[in-house]
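Turn these sequences into a full structure, and let the hints steer you where they fit.
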Amino acid sequence: MLTVLSCIAFEHDPLFVALAVIILTVGAVLTMRLFARVRRTQGDLKYLWLLLSGLIAGGTIWSTHFVAMIAYKSPFILGYDLKLTAFSLVIAIAGTTAGLLVSSISQRSALIEVGGVIFGASIAAMHFIGIKALQISGIMMLSTPFVVVSVVLACVFCLIATSRVARPVTRYCKYGAVLSLILAVASLHFVAMAGVEILPLRLDGSVKDLVSNQLIGISVVFTMSVLLLSAMITYSIDSANSQVAESRVNHITHHDPLTGLPNRRALDRHLDSFLTRYAADNARVVVLNCSLSRFKEVNEVHGHACGDALLRHVAKHLSENLEPDEYIARNGGVEFVIVGKPVYYRGYILDLCKRIQKLVARPLLWQGEEIRVSCSVGYANYPDHASSGAQLIEAAERAMHRAKAAGGNAALCYDVELDQQTRERSALAMDLRNALKNGEFELYYQLQNDVMTREVTGTEVLLRWNHPQRGMIPPFEFIPIAEETGQIREIGAWIIRTACREAASWDNRVKIAVNVAPVQLADSSFPDIVAHALKESGLSPERLELEITETGIIADTSHALQIIHQLKRLGIRIAMDDFGTGYSSLATLQAFPFDKIKIDREFVKDLGGNKQSEAIIKATIILGESLNIPVLAEGVETEDHLGFLASQGCNEVQGFLFGRPMPVADVRRALMASTAIRVEEPVPPAEPAQDMTLISKVA
Numbered sequence: 001m002l003t004v005l006s007c008i009a010f011e012h013d014p015l016f017v018a019l020a021v022i023i024l025t026v027g028a029v030l031t032m033r034l035f036a037r038v039r040r041t042q043g044d045l046k047y048l049w050l051l052l053s054g055l056i057a058g059g060t061i062w063s064t065h066f067v068a069m070i071a072y073k074s075p076f077i078l079g080y081d082l083k084l085t086a087f088s089l090v091i092a093i094a095g096t097t098a099g100l101l102v103s104s105i106s107q108r109s110a111l112i113e114v115g116g117v118i119f120g121a122s123i124a125a126m127h128f129i130g131i132k133a134l135q136i137s138g139i140m141m142l143s144t145p146f147v148v149v150s151v152v153l154a155c156v157f158c159l160i161a162t163s164r165v166a167r168p169v170t171r172y173c174k175y176g177a178v179l180s181l182i183l184a185v186a187s188l189h190f191v192a193m194a195g196v197e198i199l200p201l202r203l204d205g206s207v208k209d210l211v212s213n214q215l216i217g218i219s220v221v222f223t224m225s226v227l228l229l230s231a232m233i234t235y236s237i238d239s240a241n242s243q244v245a246e247s248r249v250n251h252i253t254h255h256d257p258l259t260g261l262p263n264r265r266a267l268d269r270h271l272d273s274f275l276t277r278y279a280a281d282n283a284r285v286v287v288l289n290c291s292l293s294r295f296k297e298v299n300e301v302h303g304h305a306c307g308d309a310l311l312r313h314v315a316k317h318l319s320e321n322l323e324p325d326e327y328i329a330r331n332g333g334v335e336f337v338i339v340g341k342p343v344y345y346r347g348y349i350l351d352l353c354k355r356i357q358k359l360v361a362r363p364l365l366w367q368g369e370e371i372r373v374s375c376s377v378g379y380a381n382y383p384d385h386a387s388s389g390a391q392l393i394e395a396a397e398r399a400m401h402r403a404k405a406a407g408g409n410a411a412l413c414y415d416v417e418l419d420q421q422t423r424e425r426s427a428l429a430m431d432l433r434n435a436l437k438n439g440e441f442e443l444y445y446q447l448q449n450d451v452m453t454r455e456v457t458g459t460e461v462l463l464r465w466n467h468p469q470r471g472m473i474p475p476f477e478f479i480p481i482a483e484e485t486g487q488i489r490e491i492g493a494w495i496i497r498t499a500c501r502e503a504a505s506w507d508n509r510v511k512i513a514v515n516v517a518p519v520q521l522a523d524s525s526f527p528d529i530v531a532h533a534l535k536e537s538g539l540s541p542e543r544l545e546l547e548i549t550e551t552g553i554i555a556d557t558s559h560a561l562q563i564i565h566q567l568k569r570l571g572i573r574i575a576m577d578d579f580g581t582g583y584s585s586l587a588t589l590q591a592f593p594f595d596k597i598k599i600d601r602e603f604v605k606d607l608g609g610n611k612q613s614e615a616i617i618k619a620t621i622i623l624g625e626s627l628n629i630p631v632l633a634e635g636v637e638t639e640d641h642l643g644f645l646a647s648q649g650c651n652e653v654q655g656f657l658f659g660r661p662m663p664v665a666d667v668r669r670a671l672m673a674s675t676a677i678r679v680e681e682p683v684p685p686a687e688p689a690q691d692m693t694l695i696s697k698v699a
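UniProt numbering puts the first residue of the sequence shown at 1, with every later residue one more than the last.
Incorrect hints may have been included.
Below, simulated DSS-like cross-link-like pairs (lysine-lysine); rule was C-alpha separation at most 30 Å, straight line [as the list claims (entries may be wrong)]:
| no. | residue 1 | residue 2 |
| --- | --- | --- |
| 1 | K354 | K341 |
| 2 | K568 | K618 |
| 3 | K174 | K132 |
| 4 | K316 | K341 |
| 5 | K296 | K404 |
| 6 | K46 | K174 |
| 7 | K316 | K354 |
| 8 | K404 | K316 |
| 9 | K404 | K354 |
| 10 | K83 | K132 |
| 11 | K316 | K358 |
| 12 | K358 | K437 |
| 13 | K605 | K618 |
| 14 | K341 | K358 |
| 15 | K316 | K296 |
| 16 | K535 | K437 |
| 17 | K341 | K404 |
| 18 | K296 | K354 |
| 19 | K358 | K404 |
Please keep in mind that the hints were generated in silico from the structure rather than gathered at the bench.
Next up, the structure:
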């Protein structure tokens with residue numbers, strides 16, 4: 001160690017040593033950075049970066065060696081052999097390139113370290129070829145121990161350098177790689193030179209074809225300057241391009257390509273930062289969701305180009321008229337989200353809503369025509385309606401949907417209770433998808449009775465949902481959801497199949513009445529479904545009665561009439577349900593071949609206290625008699641109701657007076673009891689009526 005230090009201190013010119021150190025440091029930094037770039041790059045570009053890194057690495061080693069040799073003070077040095085000097089540069093570039101190539105092939109294997117050893121060996125090869133190129137007036141003796149140690153040190157330090165780049169454990173590993181490369185070159189040169197001994201033989205310096213120290217120095221400085229400058233320029237250009245590309249990607253990632261406004265990702269970041277800033281304040285942070293109305297019509301009439309222009313038009317006016325601390329983003333589709341400034345009074349929120357609606361309403365001039373749209377606005381504020389940015393955006397969106405459902409061009413605040421109802425409805429809709437498959441539906445039956453004899457004439461089939469967690473769910477909660485989602489088709493077909501199969505097993509051959517939803521009636525395959533259910537169950541067609549409401553036929557009257565005629569040809573009966581609640585019940589009754597009229601329960605419940613209801617019931621019964629159509633009244637709960645209907649000539653009744661809707665086991669018992677009474681000996685007229693009433697009530 002002392003020999004090496006003595007060699008550096010006393011046998012080298014400190015000025016040139018310092019120059020060699022500068023060249024080596026700059027070159028090592030560039031080499032390791034370029035090597036890191038090689039490992040991160042794929043394809044043909046990887047090999048271009050590899051070539052550049054090999055040029056810089058080889059040039060750095062070669063330049064450092066010869067500057068250090070110029071620094072070596074010896075009166076016996078005559079010059080350098082040009083061919084060997086040039087060959088040493090080729091060896092340095094080729095060897096370091098090969099080492100870096102091997103180290104960059106694999107991401108984790110031992111080839112990383114193998115490449116480092118090759119890199120170190122190329123440094124040694126260049127050094128000793130460079131020594132061979134040195135012409136002296138004497139004999140140069142190399143100490144074998146010093147040579148071996150210098151080569152080992154070079155290989156070990158290069159191994160560490162490539163390993164630190166490829167296997168970093170901290171952010172400082174890149175500096176460790178640079179230091180290791182510096183130590184590899186420096187240790188090789190100075191340890192090897194410490195073992196050099198020159199035996200003078202002659203002092204004649206007249207040797208031909210030698211390059212002087214001065215020329216070597218100029219060549220080295222020029223070559224290295226060009227290489228380093230080229231590398232730095234290339235690296236700088238690439239870094240600048242990478243920053244531009246990264247900035248562009250970042251802009252694309254966080255902005256809407258059509259309008260240039262921030263997108264949902266940017267909105268989330270801004271809102272989270274905004275809420276953090278004002279979390280400790282007592283101000284409210286309001287978020288508005290603005291959805292354009294009639295935008296679909298614009299696309300259909302004027303084309304998508306006009307629709308895109310309209311979105312840009314609205315985005316421009318909204319963004320240009322924001323106040324300080326207000327923020328706008330496009331939430332996708334035709335929705336824009338505006339984050340208001342921190343507020344302490346409700347008036348600002350209402351003013352902001354009006355301002356947004358006025359800006360959206362500004363017309364777009366498109367091909368000489370003014371295009372106008374309105375918007376529905378929903379808003380929510382932090383912390384009243386949400387505790388995070390994502391929840392706040394969602395609350396504003398829910399309020400917007402409610403404003404749109406209310407008719408549009410309105411501004412509504414988020415309502416927690418209404419939102420809870422919507423969530424529960426959505427949860428029911430999700431559970432409803434698997435309810436039929438899981439066997440959660442059950443059919444209930446409500447008796448229909450003759451007004452005069454009180455005998456059971458039929459049953460109405462009613463659907464119940466036995467939810468595994470919520471228990472029994474009434475039809476008015478889930479039937480509308482099933483109709484909206486279209487699941488009522490499959491559920492309705494199951495009801496008809498199950499009800500027909502059950503009724504066919506009864507000894508009492510009463511009718512069954514099944515409600516038909518408008519969606520089912522609009523299905524052209526519905527008559528085939530009914531026919532298959534009758535055939536499969538063996539039920540007589542005249543025992544099946546389908547109840548149809550006016551709303552189920554007014555959407556497409558001709559199609560509904562065609563379906564009803566097909567059903568009638570099967571031999572089943574058609575009843576008009578909820579008569580009197582529609583706006584054109586009389587016209588519907590005239591156009592369709594109904595076999596029964598059902599008076600809605602809303603009229604029956606007001607009997608005795610509402611003369612209008614009594615008049616409507618009387619008129620309906622008279623109308624049924626004149627058309628020879630039987631009339632059934634729903635909602636009969638008292639003897640007074642029954643007495644009035646009997647006095648008016650009503651044919652059948654249905655209601656709690658004769659029994660509530662009951663499961664299949666109970667209706668079987670009720671029908672068996674009714675059958676047993678009919679086969680008994682005749683009794684005085686008053687007695688059976690009381691007995692039947694009692695039996696029916698018990699059932």
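Cross-check of the supplied hints:
1. K354 <-> K341: This hinted pair holds, its Cα atoms lying about 15 Å apart.
2. K568 <-> K618: Holds - the C-alpha atoms of K618 and K568 are around 28 Å apart, at most 30 Å.
3. K174 <-> K132: Status violated; Cα separation ~34 Å.
4. K316 <-> K341: Cα-Cα ~19 Å, so holds.
5. K296 <-> K404: holds (14 Å)
6. K46 <-> K174: holds (20 Å)
7. K316 <-> K354: Satisfied, since the Cα-Cα distance of roughly 17 Å is no more than 30 Å.
8. K404 <-> K316: holds (23 Å)
9. K404 <-> K354: Holds, at about 16 Å.
10. K83 <-> K132: holds (11 Å)
11. K316 <-> K358: Holds. K316 to K358 sits at ~13 Å (cutoff 30 Å).
12. K358 <-> K437: violated (51 Å)
13. K605 <-> K618: holds (14 Å)
14. K341 <-> K358: holds (19 Å)
15. K316 <-> K296: holds (20 Å)
16. K535 <-> K437: Within the cut-off at roughly 23 Å; holds.
17. K341 <-> K404: holds (25 Å)
18. K296 <-> K354: holds (23 Å)
19. K358 <-> K404: Holds - the C-alpha atoms of K404 and K358 are around 17 Å apart, at most 30 Å.
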